[in-house]
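Please take these sequences and the hints and turn them into a complete structure.
Here the protein sequences line up with chains G and D, keeping their order. Okay, so the first sequence: first residue is 1 according to our numbering, each after it adds one. Okay, so the second sequence: first residue is 1 according to our numbering, each after it adds one.
Please keep in mind that the hints were generated in silico from the structure rather than gathered at the bench. Just to be clear, a hint being listed does not mean it is correct.
Claimed, not checked - Only part of the chain D face toward chain G is listed, based on derived beta-carbon distances under 10 Å:
| hint | residue |
| --- | --- |
| 1 | E135 |
| 2 | G137 |
| 3 | A160 |
| 4 | T161 |
| 5 | L163 |
| 6 | P164 |
| 7 | I165 |
| 8 | M167 |
| 9 | E168 |
| 10 | V169 |
| 11 | L171 |
| 12 | K172 |
| 13 | N173 |
| 14 | Q174 |
Remember, it's a predicted structure, so these values are computed and weren't measured experimentally. Just so you know, even glycine gets a beta-carbon here, dropped at the ideal spot from N, CA and C.
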Amino acid sequence: MAAPFTRVCRPLWRIITTTTLNKGARNISSSRQQWSAQNVKTAVAASPWALHGAVCLQRLPVVSQDRSPIEEEFMELMHQMELERSLLSDHELRLLEDAARMSRKQEEDYDSDEEDEDYRDKEIVTAQDLEDTWEQKLKQFQPAPRSQGVDKKDMGSSERCLADSLILLVKKDVGSQKLWLLPQIQWQMGETLRQTAERALASLPGADLKATFLGNAPCGFYKYKYPKDIQKEDSVGAKVFFFKAVLSSHKHLPLEKNSFAWVKKDELQDFLKPEYLKQVRRFIMAL
Amino acid sequence: MNTLLNKALLLQNTRALVCAASSVQSQVLTTQMPLGLLLTNRQYRSMPTHGIGKYRHLLPKALPKKKKDRVQAKQIKAATATEFGVFNVCVSGYDMTLVEHYSQYIHNLCNHLDIKADESYALPTKSTEVMVMQEQGTKMYVDAVLKTHERVVQISEMKATLLPILMEVVLKNQPEGVQLCVKQHTEVDFQSRFKTRPELEGLLAKINN
Numbered sequence: 001m002a003a004p005f006t007r008v009c010r011p012l013w014r015i016i017t018t019t020t021l022n023k024g025a026r027n028i029s030s031s032r033q034q035w036s037a038q039n040v041k042t043a044v045a046a047s048p049w050a051l052h053g054a055v056c057l058q059r060l061p062v063v064s065q066d067r068s069p070i071e072e073e074f075m076e077l078m079h080q081m082e083l084e085r086s087l088l089s090d091h092e093l094r095l096l097e098d099a100a101r102m103s104r105k106q107e108e109d110y111d112s113d114e115e116d117e118d119y120r121d122k123e124i125v126t127a128q129d130l131e132d133t134w135e136q137k138l139k140q141f142q143p144a145p146r147s148q149g150v151d152k153k154d155m156g157s158s159e160r161c162l163a164d165s166l167i168l169l170v171k172k173d174v175g176s177q178k179l180w181l182l183p184q185i186q187w188q189m190g191e192t193l194r195q196t197a198e199r200a201l202a203s204l205p206g207a208d209l210k211a212t213f214l215g216n217a218p219c220g221f222y223k224y225k226y227p228k229d230i231q232k233e234d235s236v237g238a239k240v241f242f243f244k245a246v247l248s249s250h251k252h253l254p255l256e257k258n259s260f261a262w263v264k265k266d267e268l269q270d271f272l273k274p275e276y277l278k279q280v281r282r283f284i285m286a287l
Numbered sequence: 001m002n003t004l005l006n007k008a009l010l011l012q013n014t015r016a017l018v019c020a021a022s023s024v025q026s027q028v029l030t031t032q033m034p035l036g037l038l039l040t041n042r043q044y045r046s047m048p049t050h051g052i053g054k055y056r057h058l059l060p061k062a063l064p065k066k067k068k069d070r071v072q073a074k075q076i077k078a079a080t081a082t083e084f085g086v087f088n089v090c091v092s093g094y095d096m097t098l099v100e101h102y103s104q105y106i107h108n109l110c111n112h113l114d115i116k117a118d119e120s121y122a123l124p125t126k127s128t129e130v131m132v133m134q135e136q137g138t139k140m141y142v143d144a145v146l147k148t149h150e151r152v153v154q155i156s157e158m159k160a161t162l163l164p165i166l167m168e169v170v171l172k173n174q175p176e177g178v179q180l181c182v183k184q185h186t187e188v189d190f191q192s193r194f195k196t197r198p199e200l201e202g203l204l205a206k207i208n209n
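Structural data, given as structure tokens:
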């Protein structure tokens, strides 16, 4: 259909002039102008396909992936090579100087006036003392845990599998059966498909999810026909356009397990229908 | 007789002079010589060895040294309906190896996807002193010095349909401890790279006041 596509492409320039995306430690915030709904072209012939906008909401990985054994070995090797090739740092030089000075002091013909002028400050706090204080501080530091202790099978929590990117799935009744699919909603007149996708995300019951949409162009497309008994002359089936979005804030209440799920790419086949899965798989990257 | 002798002597003298000067190839003497006694060593163009010994034409053209021009601000391209204008991808963090490797990764990704990366530069390092208050007393002492490194990759004229793909790949591969910021390039960003000249500004202020 020509009409929705022009609406998708035209407001692009307005986005670009006012957008600033800041992504620091996965805290994403953006400010965009709300563009007003454009004038509806009433001279468009009604097509038998209903339009839907869907959102592919992703939770990005929080920690880096674990290294494979070969990678571990290689990393050790590189560290060792770097250590062997490196020169001594200031701190290490100072340690050696202090050790030499101590050994000189033990000798009988030691004359303290022969030392350098500035050694008196170093005598009070030696480099070894500094190292000890630093080690104490390091012991007090607790790094954040690499996994939040959430069970891997708990699909409702967005804290599972921190090293992978997860996609939100929603259980919806389509026709007579309940299906797992990406959140989608029907397109209304006078809005862009991206607005439809945003509405689809906002209208999810019981979930307060803040997301940043990446761009105005849809990333995927799926077309399906209604079953024969529902098909009428002017409604043959539906076309779904997918938009990509990235989850912004971190702290989320766990969602209802029966209707929401956060899944990895390889777990998708347990949830989605084969035809739908084939189209959706094309635009989901498992990095 | 005397005049003849004089003339002969004169001629002999001049001939001696010419012989002595022939090695110098002085053109002045030849012009002064009377006709019939043209003794020049200038080689004629048909001679096979004409121009032997010339080398100046083989050296590369040495342009006259010009003073460095002031770096001109490039025209910042505006965005169109399907393409972005100029925008900066800033990578910043405390760990220099991570920041540099990440910015190199982004640059290589742009090259691979045929996205034009205009410039790739580094902003000056900022040092932050972490001061800790002493337990007993009000004095603060310096605990640590943290350095923030920043690298910028400037991208121009990128197709808008490619942005979601690029952003997704870049975000999914962001390492821990590194902040990513994507923003539009403005004149202010360009000017902030230059050093300030305090004396010049002081003088300008004095003139204006």
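We went through each hint and held it up to the structure:
no.: 1; hint: E135; in the structure: 14 Å, violated
no.: 2; hint: G137; in the structure: 18 Å, violated
no.: 3; hint: A160; in the structure: 5 Å, holds
no.: 4; hint: T161; in the structure: 4 Å, holds
no.: 5; hint: L163; in the structure: 5 Å, holds
no.: 6; hint: P164; in the structure: 4 Å, holds
no.: 7; hint: I165; in the structure: 8 Å, holds
no.: 8; hint: M167; in the structure: 5 Å, holds
no.: 9; hint: E168; in the structure: 6 Å, holds
no.: 10; hint: V169; in the structure: 7 Å, holds
no.: 11; hint: L171; in the structure: 6 Å, holds
no.: 12; hint: K172; in the structure: 4 Å, holds
no.: 13; hint: N173; in the structure: 6 Å, holds
no.: 14; hint: Q174; in the structure: 7 Å, holds
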